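Visitor: Here is what each chain is made of, one letter per residue.
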Amino acid sequence: MINRRSLLAALAGGFTLTPHLALAAAGTDQRLVFIILRGAMDGLAAIPAIGDARLSQLRGSLAQPPEQFGAMLKLTSDFVAHPALKGFAGLFAAGEAGVVHAIASPYRERSHFDAQNILETGGNAAYALKDGWLNRLLPLLPAAPPPVAIAATLPALLRGAAPTTSFAPSRLPDASASLKARVAALYENDALLHRLWSEAMATEMMAGANDGGAGNPQGLATSAARLLADPAGPRIAVLDLGGWDTHAGQALRLGNQLRQLDGVITTLKQGLGPAWANTLVIAATEFGRTVAANGTGGTDHGTASAALLAGGRLQGGPAAGRVLGDWPGLSRLFDDRDLMPTTSLNSLFAGAVAGLFGLDPDLVTRRVFAAAPAPPLALIRA
Amino acid sequence: MSLVAIALNRFGLGARPADAAPADPRGWLLGQISRFDPRPAVITALPDAAAMTLQYRQNLAQLRRQGVVGARRPGDPEPPKGPEAEAMANAAQRERRQAFAQAYGGQVGARLMLSLTSVTPFAERLVHFWANHFAISTDKLATATMGGPLEFEAIRPHIGGRFADMLLAVTRHPGMQFYLDQAQSIGPNSVLGEAARRRNAPRQPGLNENLAREILELHTLGAGNYTQVDVAGLARALTGWSIGGFVRRPLGVAAPDGQFVFQPNWHEPGSVTVAGRPYRQNGEAQALAILNDLALNPLTARRLALKLARHFVADAPPPALVDRMAAAYLASGGQLPALYRALIEAPEAWAAPLAKFKTPWDWLVSSLRALGRENVPPQQAIGALRELGQPVWRPGSPAGWEDDAARWAAPDALLRRVEIASRIAAPLAASIDARSLAPRILPGTLSPATAAAIARAESPAEGLALLLVAPEFLRR
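Protein sequences appear in the order of chains A and B.
Numbering of the first sequence is given in my numbering, commencing with residue 1 and proceeding in unit increments.
Numbering of the second sequence is given in my numbering, commencing with residue 1001 and proceeding in unit increments.
Chain B with its partners taken away, still in its complex shape (with noise of 0.2 angstroms):
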């Protein structure tokens, strides 16, 4: 297998037919991470996380007023009734869902258009691998519009830093305030919560633990290794990181929809431990030292390391190659590019056999790629994506989606993959021959028994279809 076949296809987005192959393969990938473009005029085009945050914060005001949504309190309008307060909410219901297809959809064409004419392939699926590593799912109203801004906001800049700064900016973003209930989580015996208390308020404030509990166990340390003690410690830590323009409560400092702001009336006082060490700070500065030590520890570094090679070498990759990444990233401070360079100059990393079944995500990109395409209308690629199991941000759950051949290999979703293949392929049949685009596309990888099935198909559509399934396809 060629160098420049893993290069490309391996490490990078799969190639496209008018790709010069690159003279250094390694140099080539390293390269990218200093040539990535982080705000590219596609992504700055779109309404940023704040415009979506006063979106939802206006849905929500709506939803409230029909009585769709939330406790009825003293002093609010009855919600209207009747057929025709019914017809109202039903047309605002389509407004809605049709605001946010319309912004989901142009994130996802942007994340889409970005991956077909990058030339920095290598650099995005590091965006979309870090993205999964900190997934939000945007199956919750809150969220419905946030998987790309999370993307572009918290991850692209961060790709070629250090992951301390990644994992800040992450848990700072409103897409995972919003998802894991941060943005409300306030200590009981803040000044809030105490005077919440002597108000004797019906609704007394408290901690959220959701945002703690996954930092550890997803962004961080890992399953296994973590306390409920370490869990507490973080919440509380946490408490008054918010954004602005969410929460409805007192004693909060004025702050723009949608951008994150500390609330020092909301913070929980007092010491906390994490991971065996003391955090005295007080205020925000407590939480950040905490997020800066998880994002040095070796565990972290480790689990980090791991989930990389994972994801670009094999299921299982080799321990040996896992120690020098995470030793390369806790060498570094915790520099990024430190644990991407151990990846390419790792021979392991270039020696195995293609032993990385595509992810649903990875083979569409690099089937359009591998046809020239370079813009597809993002609801078609929805509607794809949706059909072969991995709707773009949707995971379900904030593990993100899984990373290996048993998640994505199965009788079903190889038959549609098979029938996607075959109806990308139909449109270009007539001006591609695929007998002279697959050697150019799995340069040393092109099995003879492929070619000589695509040399042998019936039609060129058909030829075409079988080389976007061709078992070297669908793998990397």
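The shape of chain A in the complex, shown without the other chains (with noise of 0.2 angstroms):
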């Protein structure tokens, strides 16, 4: 019989099954893995300022994440990790994991459309640039298998002229968790179809059909570590995780998506073994959430938030059990109610893969972020 999710995934069309396109030994035993929170991760809850009374002041009991998950890991004196992070915490106490804090891309509104457009592209404005910043930089790299994506299909960050490919377990998720709930919201008002989604993600329980997450973002890590451990195999992977939109209900939505975040990153290192040495992970998130708390339990559309870094290739470098980045404080808000951006995500791009690859800084900022450029930040020992 045929597999029903298999076919799903084959009409999503355009995508290859094999990612071993070229099996030329790679020009670099470096490793990039870019993670995309699609949504809005709220830095501020992933990595607490301690040290900061407002965050509580204006959050309330969302500041303190619910029992179940345990107590905050501390990071350093002023910074905390949510403590769903368990893993990654273990990483930053031994050097292999930093933070960026208050940091966004150069778009100041509230689109998740817009902003992850600019996030992917690297560009100053919405679809400004038709191609990904990871696909203008691959000419800069020595040459290697094409970067992967671990999805059905190709996010705007891989998009361009230089060759990229996505590779997708057999196994996709079906629609989405948040796709789920936004369908079951659109169709509240409609007495048929809200009767009918009802019965259906009634019997989806029953079935146990209903993983509670975005599919298995621990298998998408499997297959990345797999193929970027392979000496022949790509040397650039992107995973999309979605899911991090919490308008409502956040204390345990956020700490569900941080556990499953933590575990993608262990689940990284694991699978990578020995080149986990030279491997940097990035997780980065299109804007961050407002700081105090809405009437529903969560946080809506904000400016700033964190982006996490891990991986070997960081062991004794400036970002090394970090937590970097200029804290503007909660005194001050963006718009009254933003956390400040005062790190531009391109700096964090450019600065990590010009060390990673042993390029010039300057030079991958002409090159790949000529249309936002600024300044990169050293992350990792030359």
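Calculated from the structure, these hints are not laboratory results.
Nothing false has been slipped in among the hints.
Some residues of chain A that are not near chain B, with every Cβ distance over 10 angstroms (derived): (1) Ile50; (2) Ala63; (3) Leu73; (4) Thr76; (5) Arg108; (6) Gly219; (7) Ala248; (8) Thr267; (9) Gly273; (10) Ser331; (11) Arg332; (12) Asp336; (13) Asp362; (14) Ala371.
Simulated restraints on C-beta separations: (15) A/Asp360 / B/Gln1098: 52 to 60 angstroms; (16) B/Pro1038 / A/Tyr127: 36 to 44 angstroms; (17) B/Gly1396 / A/Ser198: 23 to 31 angstroms; (18) A/Gly70 / B/Gln1098: 54 to 62 angstroms; (19) A/Asn256 / B/Asp1323: 58 to 66 angstroms; (20) B/Asp1323 / A/Leu252: 53 to 61 angstroms; (21) A/Asn189 / B/Gly1444: 15 to 23 angstroms.
Small disclaimer: the values here were computed from a predicted structure and weren't measured.
Glycine included, every Cβ here is placed at the ideal spot set by N, Cα and C.
Bring the two chains, given one by one in their own frames, into a single complex with the hints.
Guide: Below you can see the structure in the form of structure tokens.
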């Protein structure tokens, strides 16, 4: 019998099932994993500024994660990690992880679409650039098998003139939990569709098919690690993690999201084995969320967030076990509601890839981030 | 709701982003009937019914030799046995399956391509409607590759003409003849029948009422409007209507493979009565006269009007509209465009809210059109439609697919639409902004709630998927 999911996956079209298109030995042994956190991760909840009293004033009960996740994990004297980020905090203590806080793209409005497009293209206006910044980076790198997106389709980050590919594990997640939640809301005032959708969801729960999250991110991480660990495999992988748009019921949802992200990072380390020493993982989101809680136990679209870094390549460098970025404090907020951005995402990206691949940071800025240049951050030991 | 939205979505196959809004929506629809191309190149490039009949005949011969089908006749060689013969039979079966899949895929691909690119989408909708009215199902060996040919050869050329001509073309087509077992229906008192009786042949030829009954019940008068006398009469009149190269019977005239042929020696002589009228003609002219009268019967007119109004307007269309359509049809002498005109000119057809829940085919086609897709690999569409519960030309019964929300609006079916929307939206999310696409695809129908949900979506892909499963996109 034909598997329903494989059929659905095939319908997405246009992707190749084997990323081993070119088997020539790669010209570099450095690995980059980019994790796109779609939906706006709340950086203030992932990496809270424990020293800032305004946080609990503005957030109320949302400032403290639910008990089941455990206690906050200390990173530095001023910052802790959400208890769901256990693996990440361990790496941080070992000098294999870091954070850049109060970071944002040049975008200052609050549309997911536009912000993600700018995050991925490295531009300064939505849809102004047609190619992704990772694609523009490729001509500067030594020859290697094409970068791979662990997804059925290619994210804008990888699109462009240079060859790229995508790899979908045989069992891709079905419609994401986030999409299903929005469909439910969309059908609320439609008697027929509301009834049908409620029944469908109830059946799915009973069948145990509902994994409560956007598929199986750990499975995606396993695939990515396996491909990157191969000496003749690709050197760059992109993962797409959705579900961060926590307008309601944030405490539980965000905890689960962060636990998944933590699982992805530790799975990558495990799967990469010795290659972890040459790996940098960047997890970034399109914007942050409001400092104050809203009326539905969540937060709304904001501006600055935090980016998480991990990988053996951070060892001994300026980001190892550090929270970088100028902390702006919470007494003065952007538009009176959001964490003030002090570092450009393009500074992080340019500095990270230049350091990782041994490129001139200014050259990377000129060639890759010309539309929205920002001084490259030093993150990795030379 | 705007007239443009109704013309594009209710009467068409769904708006495409590149389409200009028709200035005169009614005129745009009615004009399509004369602009419609019944034999586009994508269809003429495919093997036709005759080629498919030949292939079927060869397959059948092979199956007989292998002892898979049919009773052995005296003098037939013993079918081969043993592991080697079995392996050969298996290999042959694989080949047959591949050939079927290839032919079916080509036909579905052509239908889909025409639907995605057509500049006469209302006319294409009519093709799909009539093909479903005269449904065959490709789950029978004889009709496995006949879905496309029946639609392309018997439906398309006639959507702008007389219903009687379409009825005749379908009745003569090998797809329908094989599906409802007409090709081997032989009069017991025909020349062949008499000869068989004199010879005391082991298998006496006989009537098959299958096609006659469905013509009366499904294609013309409708259930409850005919009697067994009518069925027997039409079945007798249809004896001798057959397909060349198919039936191994003596006393037949030679005819090319897959072509309609009337076999005078198989025809039951004598007059018959159908729907209260006597038919005393001899030979082929008898059933021709019956079909022509059935096409013009007021019960047929009402049934066609009701089905067409149900397809486009509402599951239970306004009776006054159905009456006007039926009257216009009869007044025109059974011209289909008269039926369409009465529909398009009716205020009821434009006033109603979004009353129709799209069938899976309509939903998938309109989704792909909304995304500007013009080319979709047939196997992907075939897989999706199987998942959505409406495999093309495979309704499983001559009644065709039901045409109401009760059939299609179901919990699991809705979940699958959301899943498929999510999959087909994902690859295009980087190049299409759902926020600006939505009002172009749903002019005047896009609700503020849907627009807001799309704008608030977590990602471009999610926004695009939400558009495709929005209440106003699932309906038309």
